[in-house]
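Peer 1: Protein chains in written order, with the working numbering: chain A, 15 to 281; chain B, 91 to 424.
Keep in mind that the hints are not guaranteed to be accurate.
[Claimed, not checked] Once the Cα atoms are required to be at most 16 Å apart in a straight line, the calculated EDC-like pairs of lysine to aspartate or glutamate come out as: (1) A:K269 / B:D322; (2) A:K269 / B:E412; (3) B:K291 / A:E56; (4) A:K264 / B:D405; (5) B:K291 / A:D184; (6) A:K269 / B:D163; (7) B:K291 / A:D144; (8) B:K291 / B:D344; (9) A:K167 / A:D183; (10) A:K264 / B:D386; (11) A:K269 / B:D402; (12) B:K291 / B:D163; (13) A:K167 / A:E181; (14) A:K269 / A:E257; (15) A:K264 / B:D402; (16) A:K167 / A:E56; (17) A:K167 / B:D344; (18) A:K220 / A:D86.
Just so you know, these hints were derived from the structure itself, not from any lab.
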Amino acid sequence: MRIVVLLKYVPDIASDRRFAEGRVVRDPAEGSLNELDENAVEAALRLVEALPDAEREASEVVAVTVAPETADITLRKAYQMGVHRGVRVTDDALAGSDYFGTAAALAAAVRRLEAEAPVDLVVTGMAALDGLGSVVPALVAEALGRPQLTLAKSVALEGRTLTVTRESDDAVETLAAPLPAVLSVTDAANSPRYPNFKLIMAARTKAVETWTAADLGLDPAAVGAAGARSVVVDSAPRPPRGETELVVDKGEGGKALADFLIRNDLV
Amino acid sequence: MTRPTALVLLDGPVSDATEVRSSVLELVTIARSLGRVDVVTLEAPSLEVLAVLGAHGVEGVHQAQLPSSLPADARHLTSVVAAVLVAAVRRTDADVLLAPSGFSAKEAAAVAAARLGAGLVTDAAAVSWDAEPGGALRATKRVFAGSWDVTSTVATDPAVVTVRANAVVAETAATPTHPEVEALPIDVEAPAVTVVAREPKPRTTGRPTLEEAAVVVAGGRGTNGDFGPVEDLADALGAAVGATRDAVFEGWFDRYVGQTGVTVAPRVYIGAGISGAPHHRGGMQASQVVVAVNNDPEAPIFEISDFAVVGDLADVLPQAAEAIRAHRARGAQQ
Ligand SMILES: Cc1cc2nc3c(=O)[nH]c(=O)nc-3n(C[C@H](O)[C@H](O)[C@H](O)COP(=O)(O)OP(=O)(O)OC[C@H]3O[C@@H](n4cnc5c(N)ncnc54)[C@H](O)[C@@H]3O)c2cc1C
Ligand SMILES: Nc1ncnc2c1ncn2[C@@H]1O[C@H](COP(=O)(O)O)[C@@H](O)[C@H]1O
Chain A
15 MRIVVLLKYV
25 PDIASDRRFA
35 EGRVVRDPAE
45 GSLNELDENA
55 VEAALRLVEA
65 LPDAEREASE
75 VVAVTVAPET
85 ADITLRKAYQ
95 MGVHRGVRVT
105 DDALAGSDYF
115 GTAAALAAAV
125 RRLEAEAPVD
135 LVVTGMAALD
145 GLGSVVPALV
155 AEALGRPQLT
165 LAKSVALEGR
175 TLTVTRESDD
185 AVETLAAPLP
195 AVLSVTDAAN
205 SPRYPNFKLI
215 MAARTKAVET
225 WTAADLGLDP
235 AAVGAAGARS
245 VVVDSAPRPP
255 RGETELVVDK
265 GEGGKALADF
275 LIRNDLV
Chain B
91 MTRPTALVLL
101 DGPVSDATEV
111 RSSVLELVTI
121 ARSLGRVDVV
131 TLEAPSLEVL
141 AVLGAHGVEG
151 VHQAQLPSSL
161 PADARHLTSV
171 VAAVLVAAVR
181 RTDADVLLAP
191 SGFSAKEAAA
201 VAAARLGAGL
211 VTDAAAVSWD
221 AEPGGALRAT
231 KRVFAGSWDV
241 TSTVATDPAV
251 VTVRANAVVA
261 ETAATPTHPE
271 VEALPIDVEA
281 PAVTVVAREP
291 KPRTTGRPTL
301 EEAAVVVAGG
311 RGTNGDFGPV
321 EDLADALGAA
331 VGATRDAVFE
341 GWFDRYVGQT
351 GVTVAPRVYI
361 GAGISGAPHH
371 RGGMQASQVV
381 VAVNNDPEAP
391 IFEISDFAVV
401 GDLADVLPQA
411 AEAIRAHRAR
421 GAQQ
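Given only the sequences and the hints, what does the whole structure look like? Please build it.
Peer 2: Listed below in structure tokens is the structure:
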């Protein structure tokens with residue numbers, strides 16, 4: 015079994031996240047692996063670990079990120095969890111990609127891996143915490159022409175059939191699809207493992223492969239800022255909220271709360 | 091230039107035959123500011139639904155006719171909804187496609203945009219023409235837990251935008267219309283995904299849905315498992331009830347607000363027994379007014395609150411609910 019996990023490099027949500035010149039500032043000191051992608055790594059590793067010995071030994075989990083040079087921390091973290099191989103796709107031509115450019119680059123990376131040996135499954139997180147789009151998994155599936163099982167709360171593989179349960183906006187569903195497929199998992203699907211000492215040590219010296227847009231046969235006019243179908247024209251921090259009106263409850267706190275709502279015409 | 095057309099997805103099932111979701115009417119209101127409004131639906135609209143759409147100025151209603159070979163449950167799959175959106179855009183020659191910002195609608199809108207070669211903005215809070223009608227579209231959204239506003243332009247025709255609930259207040263049209271339903275034949279291949287089971291979630295009767303509500307009362311770990319006071323205050327205010335992920339994982343409630351849960355941006359958000367962790371804030375910080383009740387004066391949620399009570403929610407919420415009920419009763423008498 016060969017699984018590709020897609021990992022995004024994002025500014026830490028506790029850091030001072032900001033825009034400059036229409037792009038998210040990706041300060042290396044604040045960059046981290048999108049937390050929700052740890053669930054994707056965990057899901058991939060568990061699927062492999064559940065296989066019979068011989069199949070498990072022959073399996074490979076490859077992590078792929080489309081990101082700037084400073085993003086190796088994402089792949090390092092994946093190695094610590096037990097991922098076998100990491101690829102970073104970096105190219106100036108990819109900077110400023112929109113959802114479609116990103117999905118095109120990710121799909122091209124999967125195809126390149128596919129040229130070596132079949133890729134049975136692509137696993138992603140449910141959302142990138144910088145943009146909260148939750149659309150890249152569906153777009154990668156579309157670009158690869160593979161079925162998509164997104165936002166899985168639980169995942170089961172039987173033979174070549176992948177079954178997930180998910181909660182959509184208005185229903186609880188069980189969906190199934192044959193491999194090869196694209197899977198996205200929610201943060202409820204599993205608890206990501208803590209890396210053990212052996213893997214942490216091994217991850218230090220593990221190499222990261224780097225690919226360019228040309229390596230993937232991407233048309234530079236179709237990706238990055240050149241191919242983007244939407245452009246950020248304005249970005250500004252919102253003014254901070256005003257002072258907090260703080261009341262300490264001495265028996266009248268509930269009334270004060272109601273009064274605040276009434277006085278501001280919010281009831 | 092000719093008047094542009096904006097197509098709106100009538101998302102999923104309407105709550106009952108006579109009602110159109112408020113989030114859809116908000117989309118229609120935005121669409122009207124952009125041009126002629128058409129809607130596309132996967133379900134047969136009732137006469138009442140058509141009347142509501144007419145009052146809001148919808149000029150065309152396109153009802154997807156899916157192949158009879160397609161299993162009924164498969165109509166909700168992303169690939170099928172995307173095929174419907176693409177067919178409707180082509181039929182109406184729409185310049186803009188507007189969809190809600192729920193997970194399913196976003197995926198379908200994205201796949202449709204991919205097939206149409208269209209640009210996409212997700213979770214927009216405002217949409218307008220950039221310079222001239224039918225030119226580039228301008229969409230503004232709030233990002234980084236409500237701390238930044240970002241405006242993008244989409245130059246493709248059509249442009250695809252998903253809009254978050256409560257972005258505008260729905261308004262009826264100055265000139266009502268009398269839309270008729272037109273059949274929209276859809277040609278889709280059998281999806282590779284099988285729907286093994288599908289259980290629609292019961293819609294909480296009497297309470298608005300969390301995504302759409304103008305007022306949200308949410309409870310966290312501080313409820314200690316008793317959501318009674320939270321629900322009581324919500325009902326006094328006609329609000330939706332939400333929770334934190336921790337409270338949901340404990341099994342105390344079923345839906346949570348936050349980056350991995352539901353993103354809300356109501357007029358008023360009231361958080362009780364909630365610390366205000368970054369993941370939770372990411373899903374509510376765009377709310378207009380934030381109120382918090384917490385017995386810890388150092389609770390981080392106070393930093394982003396307009397009004398805060400340091401106290402035990404089990405005392406504060408019932409008293410507030412009582413006072414609001416009394417206020418409402420006074421209003422009703424006058
Ligand atoms: C990848 C990831 C994604 C996540 N996504 C989300 C998300 O989308 N949404 C979300 O909510 N969380 C999410 N979380 C969890 C989040 O990080 C916090 O753990 C969670 O929001 C905390 O919930 P809480 O405020 O209910 O609990 P706590 O942080 O334990 O806070 C409880 C609060 O209640 C107060 N309190 C206690 N007793 C009382 C009382 N009697 N009266 C008044 N106040 C009282 C305490 O002072 C405290 O401030 C996510 C976590 C991860 C790792
Ligand atoms: N640049 C990227 N590189 C690798 N994976 C990505 C990238 N962007 C998005 N993804 C994957 O797609 C998921 C959803 O991202 P998004 O649709 O941007 O919210 C993430 O959790 C990642 O698994």
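Peer 1: Does each hint hold? Answer for all of them.
Peer 2: Here's how the hints hold up against the structure:
| no. | hint | verdict |
| --- | --- | --- |
| 1 | A:K269 / B:D322 | holds, 15 Å |
| 2 | A:K269 / B:E412 | holds, 8 Å |
| 3 | B:K291 / A:E56 | violated, 29 Å |
| 4 | A:K264 / B:D405 | holds, 10 Å |
| 5 | B:K291 / A:D184 | holds, 5 Å |
| 6 | A:K269 / B:D163 | violated, 49 Å |
| 7 | B:K291 / A:D144 | violated, 30 Å |
| 8 | B:K291 / B:D344 | holds, 11 Å |
| 9 | A:K167 / A:D183 | holds, 14 Å |
| 10 | A:K264 / B:D386 | holds, 14 Å |
| 11 | A:K269 / B:D402 | holds, 13 Å |
| 12 | B:K291 / B:D163 | holds, 14 Å |
| 13 | A:K167 / A:E181 | holds, 8 Å |
| 14 | A:K269 / A:E257 | violated, 20 Å |
| 15 | A:K264 / B:D402 | holds, 10 Å |
| 16 | A:K167 / A:E56 | holds, 13 Å |
| 17 | A:K167 / B:D344 | holds, 14 Å |
| 18 | A:K220 / A:D86 | holds, 11 Å |
Figure legend: structure checked against the earlier numbered hints; hints not met, in rising order: 3, 6, 7, 14.
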